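Undergrad: One-letter residues, chain by chain:
2 protein chains.
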Amino acid sequence: MEYSLFKFSANIKTDIFLKDPESSTLGTSIINNGVDLIHQIGFEEFNFRKLSQKMGTTEATIYRYFENKHKLLLYITSWYWCWVEYQLVLHNTNIIDQHIRLKNAIKVLTVPNEHHYADINLQNLFNIICSESCKSYLIKNVDDLNKYGVYFNYKKIVAILSQIILAINPTYPYPHMLVTTVIEGIHHQKYFAEHLPSLTDKVDDPEYLINFYFQLAKNAINQH
Amino acid sequence: MEYSLFKFSANIKTDIFLKDPESSTLGTSIINNGVDLIHQIGFEEFNFRKLSQKMGTTEATIYRYFENKHKLLLYITSWYWCWVEYQLVLHNTNIIDQHIRLKNAIKVLTVPNEHHYADINLQNLFNIICSESCKSYLIKNVDDLNKYGVYFNYKKIVAILSQIILAINPTYPYPHMLVTTVIEGIHHQKYFAEHLPSLTDKVDDPEYLINFYFQLAKNAINQH
DNA sequence: TGATTATAATAGCAATACTATCAATAAACT
DNA sequence: AGTTTATTGATAGTATTGCTATTATAATCA
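Read top to bottom, the protein sequences are chains Z and R.
FYI, the numbering for the first sequence is 5 to 228, going by the working numbering.
FYI, the numbering for the second sequence is 5 to 228, going by the working numbering.
Only true hints are included.
The list treats identical chains as interchangeable, and a pair is accepted whether it falls inside one copy or across any two copies.
Simulated crosslink set (DSS-like; lysine-lysine; CA at most 25 angstroms straight-line):
{"no.": "1", "residue 1": "Lys206", "residue 2": "Lys144"}
{"no.": "2", "residue 1": "Lys73", "residue 2": "Lys54"}
{"no.": "3", "residue 1": "Lys23", "residue 2": "Lys159"}
{"no.": "4", "residue 1": "Lys159", "residue 2": "Lys206"}
FYI, nobody ran anything at the bench for these hints, they're computed from the structure.
Source: prediction; values computed, not measured.
Using the sequences plus the hints, can you model the full thing?
TA: Below, the structure written as structure tokens:
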């Protein structure tokens, strides 16, 4: 595996977009502004008319890149999982202790350590991931979309984390369940902490989420 | 606390509806048909026009009960949490062993043991809960809605489960986080098993989900 | 220079998410 | 029995959304 330390280009299924947004400045502007606008007004209120107005372009132009706003959300979430994959490589290269690898992975999934990457506001992006990403698959045509491989990037992260778990305990029977429980759990707890605090437990320690899910996973893996 | 064994009436915040659907046959018909139609076509495709056609009534009539389709979803999810509360009483009355209480609770949350209740198709309802319920709070106006208490019924279930956890270990610091991780986890795994199997681990044992989350919770609680 | 491509500008249309009005009917009260 | 009141049906209408089509203009490339 070869990775550049200073650059990563998103490896996203072409079925998600009509025209690759990374192929033009207008395309990347759709992504950057899209992230910010979805963060600002929420996915339900978000539409291509508002985005085009924010960007000073027209609706029709955006439709040449994405079939609809759901495909844009799919692109944004896929981009996030690409970014996570890149971060995992960055943080776990040369780490041999599998428990540390797991903890590093949970850390990456819990908080972006930078503010911007390639003009994308990572804070806003992570916020969207917590509050909107499940809407990319909780839809009626999920099976069709899945056939086209649009969830590839999420699945890959789940596979990578599962590998770490199996490296700790090769007989652990539920690695994928545990991983998605942790990932979706992180997103929910972040959201609850901000909006529905009685559904979570807020603690002063900035690493409490990381520790909670790391302990949860460690106990589950080693108990079997 | 007094509970009737044979009947329960949903205790739902009046801010959710304009006119109580339990106060008329048309109102209950909106709920029953709403559950079935949302299950059938998904919440995004669902609207009051289609529901009124299915029911042989008019859009305007439904709007007299609910402001919009999101409020209807909120009602349906609240009704589900009322039903869960009722089931918890039913299954845990006279049970003193807190571990069994916890396992019973997880069992209730994992699968409805009946097919219908009060003309509501519980299978369809549970399906909606897995795939749509998080859309009732993953929205931009969540804070306003929360002020009006519309998430009361979910919070109550989380509080009840947290109490069981604290009864097992009074010093456990994250009961709410653990409970919501388990509840949302169950919903996700059910959905993944049906649509995105590579994100979960399907096992023949029909109780594998119950066991997985019970073990997860037990380990977490007792390790502290 | 001419041909191709990308974007802008504008228009338009079907569907959605409501709201308003009024008539018909049924229930409830005197 | 007659009058008020509440509920639903029927119809219409409006603003917004989601999306497509058309033409014009600017940028790029052979």
